[in-house]
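J.: From just these sequences and the hints, can you work out the full model?
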Amino acid sequence: MPDDILSPDEINALLSGAGGDFGDLSEISDADAERLAKISDTFANSENSVINMLAGKNVTTNTGSPEVLTQEDFTGKFSEIPFLFSTTFGGMDDMPLALVVDQKGALTLADFMMGGTGASVPEPNDMYWGASQEGLSQIVGSAFTSLAGMLAGRRLMPENTSSALGEENWRAFSLEPADKKIWASPVSVTIEGLPPFNIWTCLTLDDALTISGYMRDALEGKKPQPQASSNNNSIGGGRQNVGPAVDVRPAAFQPLGGGSGGGDPSPIDLIADIPVRVTVELGKARKSVSEILALNAGAVIELDKMAGEPVDILVNGKLIAHGEVVVIDENFGVRITDIVSGARQ
Numbered sequence: 011m012p013d014d015i016l017s018p019d020e021i022n023a024l025l026s027g028a029g030g031d032f033g034d035l036s037e038i039s040d041a042d043a044e045r046l047a048k049i050s051d052t053f054a055n056s057e058n059s060v061i062n063m064l065a066g067k068n069v070t071t072n073t074g075s076p077e078v079l080t081q082e083d084f085t086g087k088f089s090e091i092p093f094l095f096s097t098t099f100g101g102m103d104d105m106p107l108a109l110v111v112d113q114k115g116a117l118t119l120a121d122f123m124m125g126g127t128g129a130s131v132p133e134p135n136d137m138y139w140g141a142s143q144e145g146l147s148q149i150v151g152s153a154f155t156s157l158a159g160m161l162a163g164r165r166l167m168p169e170n171t172s173s174a175l176g177e178e179n180w181r182a183f184s185l186e187p188a189d190k191k192i193w194a195s196p197v198s199v200t201i202e203g204l205p206p207f208n209i210w211t212c213l214t215l216d217d218a219l220t221i222s223g224y225m226r227d228a229l230e231g232k233k234p235q236p237q238a239s240s241n242n243n244s245i246g247g248g249r250q251n252v253g254p255a256v257d258v259r260p261a262a263f264q265p266l267g268g269g270s271g272g273g274d275p276s277p278i279d280l281i282a283d284i285p286v287r288v289t290v291e292l293g294k295a296r297k298s299v300s301e302i303l304a305l306n307a308g309a310v311i312e313l314d315k316m317a318g319e320p321v322d323i324l325v326n327g328k329l330i331a332h333g334e335v336v337v338i339d340e341n342f343g344v345r346i347t348d349i350v351s352g353a354r355q
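For the sequence shown, our numbering gives the first residue as 11, with consecutive numbering after it.
Since the hints were derived computationally from the structure, they do not count as laboratory data. Treat the numbers as computed from the prediction; the structure is a model and nothing was measured. Using N, Cα and C, we set each Cβ at its ideal position, and we do this for glycine too. It cannot be assumed that every hint is accurate.
List time: in silico BS3-like cross-link candidates among lysine-lysine, alpha-carbon distance up to 25 Å [said to hold, decoys possible]:
| # | residue 1 | residue 2 |
| --- | --- | --- |
| 1 | 67 | 328 |
| 2 | 232 | 191 |
| 3 | 114 | 294 |
| 4 | 67 | 114 |
| 5 | 294 | 328 |
| 6 | 87 | 232 |
| 7 | 328 | 315 |
| 8 | 191 | 48 |
| 9 | 87 | 48 |
| 10 | 48 | 232 |
| 11 | 315 | 297 |
| 12 | 315 | 294 |
| 13 | 190 | 87 |
| 14 | 48 | 190 |
| 15 | 87 | 114 |
Restraint-style ranges between C-beta atoms, simulated for each label pair [stated by the list, open to error]:
| # | residue 1 | residue 2 | range |
| --- | --- | --- | --- |
| 16 | 332 | 67 | 35 to 41 Å |
| 17 | 203 | 290 | 27 to 33 Å |
| 18 | 137 | 311 | 20 to 26 Å |
| 19 | 285 | 133 | 25 to 31 Å |
| 20 | 308 | 177 | 25 to 31 Å |
| 21 | 315 | 178 | 20 to 26 Å |
| 22 | 129 | 337 | 34 to 40 Å |
| 23 | 133 | 311 | 21 to 27 Å |
| 24 | 137 | 315 | 46 to 52 Å |
| 25 | 137 | 187 | 31 to 37 Å |
| 26 | 67 | 308 | 17 to 23 Å |
| 27 | 39 | 125 | 30 to 36 Å |
| 28 | 82 | 231 | 52 to 58 Å |
| 29 | 285 | 232 | 29 to 35 Å |
T.: Put into structure tokens, the structure is as follows:
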């Protein structure tokens, strides 16, 4: 079957993950629903921008209908244990936020983070789960930047970021009971030439309504009250650190242009504060497995570059420039000698 044609299983997964029977929305007023829909759109736009930048391919994001349902009912929507990403809203009482992602989607994102093409889903391991967390952290950072503009310039920063593969009895918010009501908004992400996957943005219903109230106040011109930030950790919701976490928190995200909230940010503004991985490649070599097994201390590996040739400078695995190695105090550095044609396009 061609790669760009969905199998029946993939179609069913999409229908069950981002469509079909929706939860009871009677606990949310029409005004709250409209404001929370803007949060859904903000995360969908950030997912589109960040994944497009990482993959270098066309990305389509479709926002499904948000649901209000219990954690137990939300867990029951998944036939496979998903990947759970957790952070808190630094600047808003450390409210927990959870992103729940299909395993295949999380590993695809990790592959792009590590310079791959997404053509094959890598085998899960701690390194790839850590890369998934970093990619989702970039998405959250971009979304927080946009949300700050909707909240009268309230300074938002992802804090206590952590992630883990869900366990058998997983919940989006692990410290909340199974009957706790949550607001969950699905986004279907389709990367050119690859099967789609889902990312769910989840808030507890109480926190979702609180944020909606902040948005209402911003529209009415009320200034936000300064919030104290705690130093708690969170994984899968709540304020708890579970398992080893990869510290990939972005720098403080705040609105560009002084945070006035006036005018929509440009596409560049949405991703301007997102951290990227810059690597310098001295050279490459191809070896057989037997040659690798024969390596020992003192062995020399000959690279494919001549001494004195410029080194390659890569951003998220993409070649953008050439340079020369320099020494700054006791650290190595690289001086850019030329920019690769088309790197800024």
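J.: Against this structure, judge whether each hint is valid.
T.: Tested hints:
{"no.": "1", "hint": "67 <-> 328", "in the structure": "holds, 13 Å"}
{"no.": "2", "hint": "232 <-> 191", "in the structure": "violated, 28 Å"}
{"no.": "3", "hint": "114 <-> 294", "in the structure": "violated, 30 Å"}
{"no.": "4", "hint": "67 <-> 114", "in the structure": "holds, 18 Å"}
{"no.": "5", "hint": "294 <-> 328", "in the structure": "holds, 15 Å"}
{"no.": "6", "hint": "87 <-> 232", "in the structure": "violated, 39 Å"}
{"no.": "7", "hint": "328 <-> 315", "in the structure": "holds, 19 Å"}
{"no.": "8", "hint": "191 <-> 48", "in the structure": "holds, 20 Å"}
{"no.": "9", "hint": "87 <-> 48", "in the structure": "holds, 24 Å"}
{"no.": "10", "hint": "48 <-> 232", "in the structure": "holds, 19 Å"}
{"no.": "11", "hint": "315 <-> 297", "in the structure": "holds, 15 Å"}
{"no.": "12", "hint": "315 <-> 294", "in the structure": "holds, 8 Å"}
{"no.": "13", "hint": "190 <-> 87", "in the structure": "holds, 16 Å"}
{"no.": "14", "hint": "48 <-> 190", "in the structure": "holds, 23 Å"}
{"no.": "15", "hint": "87 <-> 114", "in the structure": "holds, 16 Å"}
{"no.": "16", "hint": "332 <-> 67: 35 to 41 Å", "in the structure": "violated, 25 Å"}
{"no.": "17", "hint": "203 <-> 290: 27 to 33 Å", "in the structure": "holds, 30 Å"}
{"no.": "18", "hint": "137 <-> 311: 20 to 26 Å", "in the structure": "holds, 22 Å"}
{"no.": "19", "hint": "285 <-> 133: 25 to 31 Å", "in the structure": "holds, 26 Å"}
{"no.": "20", "hint": "308 <-> 177: 25 to 31 Å", "in the structure": "violated, 45 Å"}
{"no.": "21", "hint": "315 <-> 178: 20 to 26 Å", "in the structure": "violated, 50 Å"}
{"no.": "22", "hint": "129 <-> 337: 34 to 40 Å", "in the structure": "holds, 39 Å"}
{"no.": "23", "hint": "133 <-> 311: 21 to 27 Å", "in the structure": "holds, 26 Å"}
{"no.": "24", "hint": "137 <-> 315: 46 to 52 Å", "in the structure": "violated, 26 Å"}
{"no.": "25", "hint": "137 <-> 187: 31 to 37 Å", "in the structure": "holds, 34 Å"}
{"no.": "26", "hint": "67 <-> 308: 17 to 23 Å", "in the structure": "violated, 43 Å"}
{"no.": "27", "hint": "39 <-> 125: 30 to 36 Å", "in the structure": "violated, 46 Å"}
{"no.": "28", "hint": "82 <-> 231: 52 to 58 Å", "in the structure": "violated, 40 Å"}
{"no.": "29", "hint": "285 <-> 232: 29 to 35 Å", "in the structure": "holds, 33 Å"}
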